[in-house]
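Taking the hints into account, I'd like the entire structure generated from these sequences.
The sequence shown stops at residue 184 when you use this note's numbering, and every number in between is there.
What the hints contain is simulated information worked out from the structure, not anything from laboratory work. Hints are supplied without guarantee of correctness; some may be wrong.
To be verified - The calculated DSS-like cross-link candidates involving lysine-lysine, where the alpha carbons are at most 27 Å apart (straight line), are:
hint, residue 1, residue 2
1, K26, K36
2, K26, K8
3, K8, K36
Quick caveat, the model's predicted, so the values are computed rather than measured.
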Amino acid sequence: AEATFVEKGFAGASMSEIAERSSVTKSLIHHHFGSKEALWSEVKRRSFSSYHAQQMQLYAAGELTHETVRASMAAYFRFLGANPQVVRLLAWMRLEHDLDCATMVVELRRLGIFNITEAQRLGILRADVPAEHILIAFLGLTVAFFNDGEFVTDGQPQRIDPEAYLASAWKIFSEGLVPQAPAP
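Written as structure tokens, this is what we have:
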């Protein structure tokens, strides 16, 4: 099912094709998942589960520092690098206006905004930028390498070292959002 959804998105995937590619009957899929929507939700849940666990570990550590924020960005970047199918799923979700995120994604978004707000309160991140905007920038910088890398490298994204890009993304993020000492 995942391969079909990754290839065709929710709208383009048919239960018949999923059943055929999985070598099972459509009725068996309906028995286990109930509907195409429920199967799609399960594919998204499974796709994000390891990243969710990593982020929850970072949140559970308790201490919010620049390094915690940096580790969060690195975890997301490396997760996407190791799971290119997730990048496509995210693209399909955007194209199809799929706002019905799996519970774990909603939880991460809620905790992310909460932690950004807390980091702003502690002076770790700038307080003059709304937390939601910071989260959008954080996610955008991270996923841009996978969405746009081949467009800026003439179709050869391997020309850019992923870790070098991650370091640059962190520099852009942190130097733009971390409060700077006033000039004398």
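Hints and how they fare:
1. K26 to K36: 10 Å, holds
2. K26 to K8: Measuring from Cα to Cα gives roughly 18 Å; hence the hint holds.
3. K8 to K36: 14 Å, holds
Taken one by one, the earlier hints all hold for this structure without exception.
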